[in-house]
Amino acid sequence: MTIIIKLFRIIYFLLILLFSTSYQLSWAEEVKTMASSIKIPSVNDIIKNANRVAYYQGRDGRAKVSMTIMDSQGRSRYRQFTILRLNKDAEDQCCGDQRFYVYFHRPADVNKMAFMVWKHINKDDDRWLYLPALDLVKRIAASDERASFVGSNFFYEDVSGRNINEDIHELVETTKTYYTLKNTPRDPKPVEFAYYTMWIHRKTFVPVKVEYYDKKGEKYRVYEVLKVDTIQGFPSITKSRMSDLRTKGETIIEYRDVKYNIGLPDKIFTERYLRRAPKKYLKKK
Amino acid sequence: MIKILLRRLHILLLILALLVSVVYAQDEPSLPSGLGEDELKDGEEPALPSGLTQSGDKGSTVEPALPQGLTEKPEGPPDKEAEMINNITKIAFDMTGYWDARVGVRTQQDPYEKDMSLGETRLQLEIERDWTMATFRLKTDLLYDPVFNHHRIHMEKGQGWLDLRETSLSLTPTSFMDVKVGRQILTWGTGDMLFINDLFPKDWNSFFIGRDSEYLKAPSDAIKTSLYSGLVNIDIIYTPCFDSDRYIDGRRISYWNGMIGRRAGRDAQVRVDMPDDWFDDDEVAWRIFKNLRGYELAIYGYQGFWKSPGGTDPVSGLSIFPGLSVYGASARGVVSKGISNIEIGYYDSEDDSNGTNPFVRNSEFRFLLGYEQEVAKDLTVVIQYYLEHMIDYDNYQRTLPSVSRIADKNRQVVTLRLTKLLMKQDLKLSLFTYYSPTDNDAYLRPIIHYKIDDHWSCDVGGNLFFGKDDHTFFGQFEKNNNMYAGMRYSF
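Chains as they are written, first to last, in the working numbering: chain P, 629 to 913; chain S, 602 to 1092.
In isolation and in its complexed conformation, chain S is listed as follows:
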């Protein structure tokens, strides 16, 4: 009887177990350890962002769920911010520019120049219009410069109250061709503030008195045609009337005047005989270039004139721009942890092909080697070696008038640029140094630039020249050492 009772109990237990197991099986299975939802850890889990939450999604912090298929449109009423951004963009595409004011003083007396090296305010306006096949761009500076005090407009020299930086029309007549016609800024080559094959006009005055570095480039009035193919790309730039540099002429910056054998400035301004016949005194610059797996290779050519005075007319005494052809090549790419570049150029001074004319610059071979690397977080270093090697040096020495200062056969320059970004990249400290061991001179460009907010910025900087002699490239500008400060509102 006890046996039977035990059996009954056994059966009862089994039935109970069966029932329990069935009920249990209908619930969600518990997960093996490590995969289970640990209730305690729920709090640590991030809530799903909008767009990923689903109604009925148990356990997750409930957020207004996006219905399935809701795409592309943001939730809720139209975003005010988005509207604002669109408006800003509209303005950005219509007109942009800045207002800039800056002053600079010489840090020493210069008997031939004013004490103020810079004092101007300018409003730059830029308008761009796009069509399917073309883009029109106008960029102009309205300028007030009481220091220079010369308000008549001179379009070539960029003088007066208006400096037209760009008026160009870009066209794409076929898929493999671009054409840009009109006034434009042009740049190519691999140097950092050193130029071999870039024979487009530079504004050395702006560079030396502390304008923004964009003013180192002066505009060209030219037609640029670019052809692209899988094999190589070609740029051809035709300038129908010679565009010279905005060279040092003594009006802003004092310089070494070889004719009078001393420094000179406003008292003995450089007077030039400029090649200015349209289609006769023209310039052609071309480049064939290719990007080979990240390595940029190019060969260059130029037919035109020395861009800054490269000789003197012995009869009139005027400075001249003798004929010049340049042939060169460059390569740039990743080397080790940085970027390396190499560039060479042969300057063929056509009006003095054997170097016997003492009134025209000799032919030269130019060479540049550079390396850039970010050495620490937000600290970049660029070092360059640059060489100007005079060809036919013997003829130069033999024919040079005895009173003249003799130039070296090799002019070597080493540059070092240090750039450090601080305060979330709002503060930029930069120092660019040119040092020539052969000329025994140097040029330092310290700049501190601070972005106050998205519109306002200010900068303080200096242009400091040092030299053993008065006639060397940088040494001649020693009396122009200056410090400047600028303020800019961009819109």
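Here chain P stands alone, though its shape is the one from the complex:
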């Protein structure tokens, strides 16, 4: 009997040993797999990457942009322009100075007008407008960044990027697909929103949806990405929509013929090419 009891005791200890090691192993594995699957970058890295994907991909780029602006009664306006962009500081990296050249095609009354922006991070942008009918190079005063861009529901800031230092970014949630960020302005005075929420696709960092809330906590403005194409390896937003929930108006923006690293020289962004459109770079090749 004692032998049986002893045997039981041995088996008991062996089992405990086995159990504890195997349990420890599986636990360790669990933690390990968990950690690898949810390795979360810092909020700063997330917002920087989202901005990189939205505004800074490659060294430079060209796109033919069409905007359809619709009001609540279904009346629509159409804008078409070609946009050239050059990163001044670093390739494929947020968030340095940039150069933009916008050449308008439609509507007819703005055909051949050119708009040039030297976007600065630490001071107001420099902006020029060229009016071909007068051969006039007009300097444009830095406008409210949250004023409509060419009469659309998009603001200047939505088209060229909001300075990431102007908001406090908090990661409020991480799901399998998204990082959800809450962004609160450091200075609420110059902006119309109290905060905005961004859903950033974890794999590509595409900011898929942005919702703006007013001071009463009501959602009044929504940005949604409708289509993404991978172009030259860059996940690129090729169709998106900005909706104004108050006026029920919306603008759909589409990017066609997107091409990166076309070798844009810095000199394109000068008075010379305002007066004389750089057709070589504007046209699809």
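For lysine-lysine, the following DSBU-like pairs were computed, each having C-alpha atoms within a straight-line distance of at most 35 Å:
hint, chain 1, residue 1, chain 2, residue 2
1, S, Lys1021, P, Lys844
2, P, Lys716, P, Lys912
3, P, Lys855, P, Lys804
4, P, Lys740, S, Lys758
5, P, Lys817, P, Lys716
6, S, Lys978, P, Lys766
7, S, Lys891, P, Lys887
8, P, Lys716, S, Lys891
9, P, Lys895, S, Lys891
10, P, Lys867, P, Lys912
11, S, Lys978, P, Lys843
12, P, Lys804, P, Lys676
13, P, Lys911, S, Lys1025
14, S, Lys938, P, Lys740
15, S, Lys1029, S, Lys715
16, P, Lys817, S, Lys1029
17, S, Lys891, S, Lys1010
18, P, Lys887, P, Lys667
19, P, Lys831, P, Lys912
20, P, Lys867, S, Lys1029
21, P, Lys667, P, Lys804
22, S, Lys891, P, Lys907
23, S, Lys1025, P, Lys908
Simulated from the structure, these hints should not be mistaken for lab results.
Following the hints, position chain S against chain P.
Structure of chain S alone, referenced to chain P:
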């Protein structure tokens, strides 16, 4: 025995726990709070746009997934919209233009002019062709003007049924050089509706009767050569035969006639002796310019003639365009929250270098300081101070015939432009005001412009002159106060 039973139970429980833990470990790990996928919140999460979804991506709203590597081509059959856009673009690059009709009336009687200040319809057509090294551009207005009722074409004056705005060939012979030859519109300088170093022809008649502001600029027949380098850029414009302003001559706008000492119009049209010998009566304008970290700096030079009549031939009584050289400089850039500009110019009236000839305009020093800022959303304000300082004023005073009205030594003008955009920028309200405290006169240009849709637009505006005296710059036009309305279809 009970002890043994308890131990067995214990072991059994341990084995069970082990089994459970193994099974559990094979499932996906649950996430710590805050990182987990909250089923309830799934509905709030945006669905992935096409292009980001992947087949087999559990949990996300399933959309037709793009296969990996599908790039550049849109999904599905070719987009009708895209085709349409391409067609539109094709047309846009081939021919563009507009049809415009406008009427204007004087708001008071003018004994020397018609009651209708404006009544015309025009079709502007523009064609552009690009080659690798060159661009050809043709822009012409076909015009019907029953008010002016003068249909014979005059290419220089822009009169008659055809006004050729541009016929030019742009070439880039080397990477650092551009050349543009032919009829073209030319502009430089920093003023807003005030010009010091821009001595290219202006059409003051168009400006004062309510044509689109693009008609303030009249074309030049010239060769423009531009040289670019890292250090500075140079523009040289050679006009082989003098292109004057389309100046106020009394046919459309009544004016102060110093010879007869009263306002005059169609009854006493300005008759001129125009310098018109090719290569003798030529003009050269140059500019050296540089953009220094966003600050645009330039120096200018001009050799030619006063662009509007600047004197009288005492023998023939004809108005003349005396020789003129201008040297100037300008700077423009961001100051505080807006744009500031400064421009100076020395007008050397070559045919009256010491100011003793009463029949030729004296030399002048001109100065301009401006500031522009967006003061509220879609509301822009531009203020400018402008000075014309007459040089050799003593000689002017001494030699002036006693009957003549005497001009001030300093003519000062302050301008204020207010521009407000409303209704998603479809409605533009603008008011441009010139006010001269020295001349005691003013000129107001209110304009309401509305874009009906992507093609149609209309505008209503006025040109209102006020003045204490009849002979001052703006005061002389007091009888030309007018209101106008226009309609335009752009294509």
